[in-house]
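**Q** Following the hints, complete the assembly by docking chain B onto the known chain A.
There are 2 protein chains.
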Amino acid sequence: MLNIAYAQMEVIPGHPDKNTEKMLQMIADAKEKDADVIIFPEMAIPGYFLGDTWEQSSFLADCMEYGKEIIAASKDIVILFGNIAVDWKKKNNDGRVRKYNAFFAAQNGKLIHPDNMPYPFMIKTLMPNYREFDDTRHFFSLQKLARELGTSPDQLISPLTFKVNGKRYRVGCLLCEDGWSDDYELTPLAILQRHAPIDFFVNISASPYTLGKNDKRNRIFKAQAKTVKAPLFYVNNIGLQNNGKTIYTFDGSSTVYSSEGNIVACCAPYEEALGVLTLEYVSSLPAVEIRKKSAIAHIYEALSYGVRHFLDRIRMKRVVIGISGGIDSAVAAALYTKVLGPENILLVNMPSVFNSETTKGLSQQLARNLGCHYMIVPIQESVEHTVQQLQEIPVEFLKNHVQSHLQVSPFVTENIQARDRSARVLAGAAAAFGGGFTCNANKAETTVGYSTLYGDQSGFLAALADLWKYQVYELAHYLNDEVYGHEVIPQGIIDIVPSAELSSNQNVDEGKGDPLKYPYHDYLFRSFVEHWQKATPEDILNWYLQGVLEKKLGCADGLVRQYFPTPAAFIEDLERWWNLFTGMAIAKRIQAPPVLAVSRRAYGFDHRESQNGPYYTRKYREMKAKLLNTD
Amino acid sequence: MLNIAYAQMEVIPGHPDKNTEKMLQMIADAKEKDADVIIFPEMAIPGYFLGDTWEQSSFLADCMEYGKEIIAASKDIVILFGNIAVDWKKKNNDGRVRKYNAFFAAQNGKLIHPDNMPYPFMIKTLMPNYREFDDTRHFFSLQKLARELGTSPDQLISPLTFKVNGKRYRVGCLLCEDGWSDDYELTPLAILQRHAPIDFFVNISASPYTLGKNDKRNRIFKAQAKTVKAPLFYVNNIGLQNNGKTIYTFDGSSTVYSSEGNIVACCAPYEEALGVLTLEYVSSLPAVEIRKKSAIAHIYEALSYGVRHFLDRIRMKRVVIGISGGIDSAVAAALYTKVLGPENILLVNMPSVFNSETTKGLSQQLARNLGCHYMIVPIQESVEHTVQQLQEIPVEFLKNHVQSHLQVSPFVTENIQARDRSARVLAGAAAAFGGGFTCNANKAETTVGYSTLYGDQSGFLAALADLWKYQVYELAHYLNDEVYGHEVIPQGIIDIVPSAELSSNQNVDEGKGDPLKYPYHDYLFRSFVEHWQKATPEDILNWYLQGVLEKKLGCADGLVRQYFPTPAAFIEDLERWWNLFTGMAIAKRIQAPPVLAVSRRAYGFDHRESQNGPYYTRKYREMKAKLLNTD
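Line order of the protein sequences matches chains A and B.
First residue of the first sequence: 335, per the numbering used here; consecutive thereafter.
First residue of the second sequence: 335, per the numbering used here; consecutive thereafter.
Keep in mind the hints are simulated off the structure, nothing from the lab.
Note that the structure is predicted; figures quoted are calculated from it, not measured.
Some clues are possibly wrong.
For chains that are exact copies, the list does not tell them apart, and a pair is met inside one copy or across any two.
No farther apart than 25 Å at their CA atoms in a straight line, the calculated lysine-lysine pairs in the DSS-like style are these [what the hints assert, rightly or not]:
#1 K846 / K556
#2 K556 / K733
#3 K402 / K958
#4 K886 / K733
#5 K694 / K501
#6 K424 / K886
#7 K885 / K958
#8 K627 / K694
#9 K547 / K563
#10 K547 / K425
#11 K402 / K953
#12 K733 / K651
#13 K626 / K547
Extracted from the complex, chain A is given alone in its bound form (with noise of 0.2 Å):
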């Protein structure tokens, strides 16, 4: 009988110390369940996401001792464990030392040998390097060992084998992408297979939270374990880890799989977790249901854990958020309240003369209703102030002494105020209350640059601008219905127009507000971003002039043609858009706080971008003149 631990801990990423504290204790948890094997996830040691952190050659020696000690904590154990393995004596393509991304086993203070490898530990052998990863700027490949040795990855890839209580077991190790395989010339697990039988297949993940990913990974383990007619063990960490501008929530989520294909066990995500299950009962076990959830329900999960693990890491205790009566201040306010408790949270209401009775009684209603600390802090006096500074003190030209005066415009004065209420009232009140403030910012808005620079664009971190508007009004529903159980937000927030109330034109009583037509942007927009392959205005009108723009983009039917009565007008709005997206936005995005990310493709780091301002194919641009008959 084999007793086998997975352990769902949580990696602090950059601190090997506390990671390899949490280890030790696992593995005497371990011991006293009768555990023989314990698994730890991929980079358990030094945490996965730490930018060039991998080019301090002092921080890599740590890292192996902290090592050498889970190696040592192997007495009547055998360890599985992901960590960085150095070469010191060759080089990466970069010329700096070799680094791998490895796998380690270890039994009665030694490392086990994998049967082929010419290094006494497995190698990450498929390198993602798309979305939020960049392993092959840090990490030499097990391909790459192949073709410097002469050989091939199939010579490479092998199984471990190690005894306990005198019986013989082979498992078959996979990191993480080497289970992802699809995309690539090679499959780990199937070279792994040519070595049947192995007793069980272990992959160790440092994968971070993406909405729908679970299903998508339960879907092709479950195959896997299936077509090698042996258990599969994923174990993936959890806690928080960030490429500076995008923040990821790992979830755990660590799954048995049986031979048959079923899972078998799955550790909740979010929490550490040690599981124990006998190999040779794993068949026998029944298939555990997984809890559907909807995606609201999933978002509000990730969402809250990164928030608390944010706040932890950036030891942030106490958070002061603007709040404007509108739709994403509001979510935002019940979701840091759910957070930190009211106690530590102090909402701020910054009417100007353009802000309604409506804004500031919804406001003051929400605050009520979370109970937190309110203040009203008006920004008229202080605006005009500016305004009249700008406008009354002479610019002199000192070539020529003529002296002259800015004219300040009331778009400029639109920004005043935005720049006035954040970086003015929100950031002196957030030093004063001893915390930071929040941008509440969306994804619709960030997209478009819907925002001022220094004004609602900017805070410690962006919790929501991973979420469509059509996301945080479910937010909205979520947090009234479910996590508070009653009307936080009030109904007349969730009802009114979206608008900025920055001027007359944006008045909400008259039903005015953000240029912004969500139930139609969001999916737009949607589609320049998270679509696999990145829709752009030649698309769009291709689209568009075929008749299945709704469908392609996924919004309601019908919607197309009621905004936008012609072609002209169509076109009008889709090159706004685009040109903002493609130049002042990537300007406001490279200076925003970081994203909190859910979706399958954040901002940041997740979608990198350059300031290279907007272009149009020329196919677009002959579709175009076709359409409005201007060739």
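**A** For chain B alone, coordinates are given in the frame of chain A:
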């Protein structure tokens, strides 16, 4: 006789229409000059730094279409050029369509097929995946293709053959990194050489400017030409490309190396040029003397080119600069004034009660010397209004209706001042003036976040953020002595102690100022960022204990003893800045403006980082304990 033209063109990233137009013009010019061959840079049609624009299928198709125009223009001339090549039937490892970074050759309307290639183009073999480069994310390498085809790169890498005037020529084609193979397991040049005789080699590049890189390239490429006993044409583009946060100038510096290893032609940096050489005469040409320039002259050249082109790119014609009487803002003012002319520059001095008459006078003097627009906007009233509002408006805790008040500390007030200047005055003034405002931060400040977010950390571009403080001073002298030829930056600004003047503790007239000891910290911080193996406190303390710290850092001898009388003082300083560098400063850099890169490691995409908090290795902790006798 074969006349070879090398086209050092400006490549505009993401604008294949403009690049194609430029190329067609240069092809016509080359024909006028009786050229038989014309060589364009790598990725001449699409540009190189495009972020994830490579995931837009319609953009890819567009580039291919423009490529056809270039191919069609090859009547009576051989055109060698870089473009993206798409194989719509195959996949990249991310599952998206297959993309190659390709080297095309066309003659008489048709592509010339390299001898052993499965495609009618050469494919980049070595993919840089360090610093600012991201090739592996987007492009499928020749090595991967070879593996897919079950062959080796040796079998695919082969010369191009074409005939001109009845004579057969063979060309060795390389793409940028292919010529920098020291750290790779194969050397494309050596493979090509096996096909000798080859008449000449071509390296088409998209190689961003980095201080010192050209010297290294000349050393390596001279040796290569000598080794292969054939002329080598290195053709690089000029222009500006960016990865969002990090902006690179491309200096061109296209060079022809003779088979004797001499430089026989070299285009002026940062200028479009169409050189023509007769292949058969290359060996008889005299070696060209490369004019040696000081480092600061190179830096000024890169910065002034970069600022000019970045302003063009974002269509900004006027700039506002807050000037404090300190060195950074003075250098920024002199730099931008040279680029845009004084009529397009508004300098703004924004005194509070903490600003000395000295610095106010120096600001005025600077503005007069430059002859720009100038205004003085006091911030005292606004800052007091903010502090008053924050302290006097009651905060109500709505759970129990208890009222309290925020307390604004002197430190909080310092940051309120900084934000008042930038987010209130400069941002408003810039919008009214019709432009943007600059961020004048240097690299030392940026390293440790010695700046205020939404305050002096903000602006549309941080042109000096890749310069250490000593380089800012060098640039000040260079601007006065070489660029303007007279003192525009007053000597008083060069002499004054650097200070933020945000409190009475920073009184310049009393010689008080920044906590940064630049003659030491410039070099300490450089070791964290720019050293080949990034230094950490473990390395620093190790060097300190060995008595080699100053030598390792490159700073002046005796400084460490002078600044830090005791080991405890040394360690306190080290940890103070390391905590900031790996803590709050990362949060600030995430929201900082784009950086104009000149060094071997600039902030942003070139130096990737995660907000993981400070970490000290075990060895460091042990050394420290031993040193302080606290173990």
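**Q** Next step is simple, just say for each hint if it's right about the structure.
**A** Do the hints match the structure? See the list:
1. K846 / K556: Classified as neither: same-chain Cα gap 52 Å, cross-chain 68 Å, threshold 25 Å.
2. K556 / K733: Cα proximity of K556 and K733: none, with 76 Å in one copy and 50 Å across.
3. K402 / K958: For K402 and K958, the Cα distance is within 25 Å only across copies (22 Å; inside one copy 65 Å).
4. K886 / K733: Answer is neither: 59 Å inside a copy and 48 Å across each miss the 25 Å cutoff.
5. K694 / K501: neither (73 Å within a copy, 83 Å between copies)
6. K424 / K886: between (50 Å within a copy, 24 Å between copies)
7. K885 / K958: within (21 Å within a copy, 64 Å between copies)
8. K627 / K694: Result: close neither inside a copy nor across copies, 35 Å intra and 63 Å inter.
9. K547 / K563: within (24 Å within a copy, 55 Å between copies)
10. K547 / K425: between (35 Å within a copy, 21 Å between copies)
11. K402 / K953: Answer is between: at 14 Å across copies they meet the 25 Å cutoff, but 60 Å inside does not.
12. K733 / K651: Close across copies (19 Å), not inside one copy (53 Å); limit 25 Å.
13. K626 / K547: within (13 Å within a copy, 56 Å between copies)
Of the numbered hints listed earlier, those contradicted by the structure are 1, 2, 4, 5 and 8.
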